[in-house]
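Enquirer: Below, each chain spelled out in residue letters.
Number of protein chains: 2
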Amino acid sequence: MKIAVVAPSCTLRPEAAEAVAAMAASRGDAELVIHPQCFFSDGHFAGPDEARLAALREVMADESVDAIWFARGGYGSNRIAEAAAIGLPAAARSKSYLGYSDAGFLLAAFDREGLSVAHGPMVQDVAREGGKAAIHRALDWLVKRDPTVLEPGLASGRRAMAFNLTVLSNLIGTSIEPDFTGADLLIEDVAEHEYRIDRAMFHVTGSPVVRGVAGLRMGRMSEIPDNDPAFGSDAESIVRDWCARAGIAFGGSADIGHDAANRVVPFDLARN
Amino acid sequence: MKIAVVAPSCTLRPEAAEAVAAMAASRGDAELVIHPQCFFSDGHFAGPDEARLAALREVMADESVDAIWFARGGYGSNRIAEAAAIGLPAAARSKSYLGYSDAGFLLAAFDREGLSVAHGPMVQDVAREGGKAAIHRALDWLVKRDPTVLEPGLASGRRAMAFNLTVLSNLIGTSIEPDFTGADLLIEDVAEHEYRIDRAMFHVTGSPVVRGVAGLRMGRMSEIPDNDPAFGSDAESIVRDWCARAGIAFGGSADIGHDAANRVVPFDLARN
Chain V
1 MKIAVVAPSC TLRPEAAEAV AAMAASRGDA ELVIHPQCFF SDGHFAGPDE ARLAALREVM
61 ADESVDAIWF ARGGYGSNRI AEAAAIGLPA AARSKSYLGY SDAGFLLAAF DREGLSVAHG
121 PMVQDVAREG GKAAIHRALD WLVKRDPTVL EPGLASGRRA MAFNLTVLSN LIGTSIEPDF
181 TGADLLIEDV AEHEYRIDRA MFHVTGSPVV RGVAGLRMGR MSEIPDNDPA FGSDAESIVR
241 DWCARAGIAF GGSADIGHDA ANRVVPFDLA RN
Chain F
1001 MKIAVVAPSC TLRPEAAEAV AAMAASRGDA ELVIHPQCFF SDGHFAGPDE ARLAALREVM
1061 ADESVDAIWF ARGGYGSNRI AEAAAIGLPA AARSKSYLGY SDAGFLLAAF DREGLSVAHG
1121 PMVQDVAREG GKAAIHRALD WLVKRDPTVL EPGLASGRRA MAFNLTVLSN LIGTSIEPDF
1181 TGADLLIEDV AEHEYRIDRA MFHVTGSPVV RGVAGLRMGR MSEIPDNDPA FGSDAESIVR
1241 DWCARAGIAF GGSADIGHDA ANRVVPFDLA RN
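Respectively, the protein sequence lines represent chains V and F.
Be aware that the first sequence starts at 1, since it is given in our numbering, and climbs by one per residue.
Be aware that the second sequence starts at 1001, since it is given in our numbering, and climbs by one per residue.
Derived by calculation from the structure, the hints in this document are not laboratory data.
Quick caveat, the model's predicted, so the values are computed rather than measured.
Ideal Cβ placement from N, Cα and C applies to all residues, glycine included.
Only true hints are included.
FRET-style restraints, in silico, Cβ to Cβ: (1) 136/V with 1036/F: 57 to 63 Å; (2) 39/V with 1049/F: 45 to 51 Å; (3) 1244/F with 236/V: 37 to 43 Å; (4) 1211/F with 233/V: 35 to 41 Å; (5) 42/V with 1211/F: 26 to 32 Å.
Given the sequences, and given the hints that come with them, work out the whole structure.
Expert: Below, the structure written as structure tokens:
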């Protein structure tokens, strides 16, 4: 199993790359090919748009690559997502893709094109507390399709989609918006004020296309900054409230988030 | 001229209300009626949704009220905007509405229904440095339709729309999204990181409905927090870049922003 790592958003830390490469080598079931682009730097990004797009398209077209693993989030994959999903070579369709957070823009664009995408841990998660477990979870999915790494509430035979709430809000109505119809939608977020969570939920649940989901579940909303004054309700109440207003079934919690416990959510289990 | 002040978002500071009421009284051309709801407090908001909506609907239906002036922004008008614009009484259609920032959700919902809305200073702007000039500008618009208070680049006979960029991003695709076709779109923002400005511009310019604008101009983007690392381009470059990608004509700067110099942008000059 050959897994290519590229960084469509921000620069990967070399020490994270080394730690994960060593883990993969000691497992013996995966060859990790970390593209040099992962270490490029151009302002906020892991190299200019052209370089990030070229690296991604290169590994997508490589027939020897079985899976593409996004190095980390941050911000920037939206800038290349539309171009990354155009005129796909056959080799791009025979592999799978894994990431979350800002990489959600690519998950959306690729899912829209019928590629096999999953929301789950990325390479730089090794730096989190307990991060090695996240790395093994990701590799167990990519290499073995191990069902024990899956988010436990997924229903077989039903599409699921998982997104960072703020990323989801920012792709509504764009050319990379996927088809939400009949899917279980799982959301998570990090470091957003409650008023921003409320505003994003207004936006996301106000979209007629999102209202076509089968239901919505809430992952962890972590590192919420203090609201001044106190907002008046917590994240779960906010999410429940907007689901009720929009007529979306709220399905409870989801085991995803910006942490080492982040479980894997394939957008289409039937394809895997 | 009777002007009603309500607070669809956050609580108005009493000292701001007093200062502006005194200014209006000394002008002698406007009776300012500050609704008690402006001083309500419920968590983040100037009272619960029901109270903010009731106050707004009350003054909208009041035939003796000539104009409705939003007290201040913050966050929360989106939570009542759809309900505020439903089943409008005739009295609501014969008056004008003024505000900006979070009040943009109401400007959108009301413009969509054909009401006479304008983007411009609010009551609490009196607390800004040089804020009295902003208050007089607002009153000169509401009372006299003084053309010297208008944003100087507005073209007579062409629709214009002005929004806080983040607010605009959060109403795309919702039921309160107005018709952008053929309008000059003016944007401004405050206290958003460059990566968030970039992401919001991706989102807004990625919308087919927004791409129907005649052109886009950029107001002030103020209090931008430091990006770590340095983002790599400034706000104007970001806005120009996304306009170019979307095929939207970039028309240069606009004299609007979160400051005392904020000029007035009526959405439909032909109606005024």
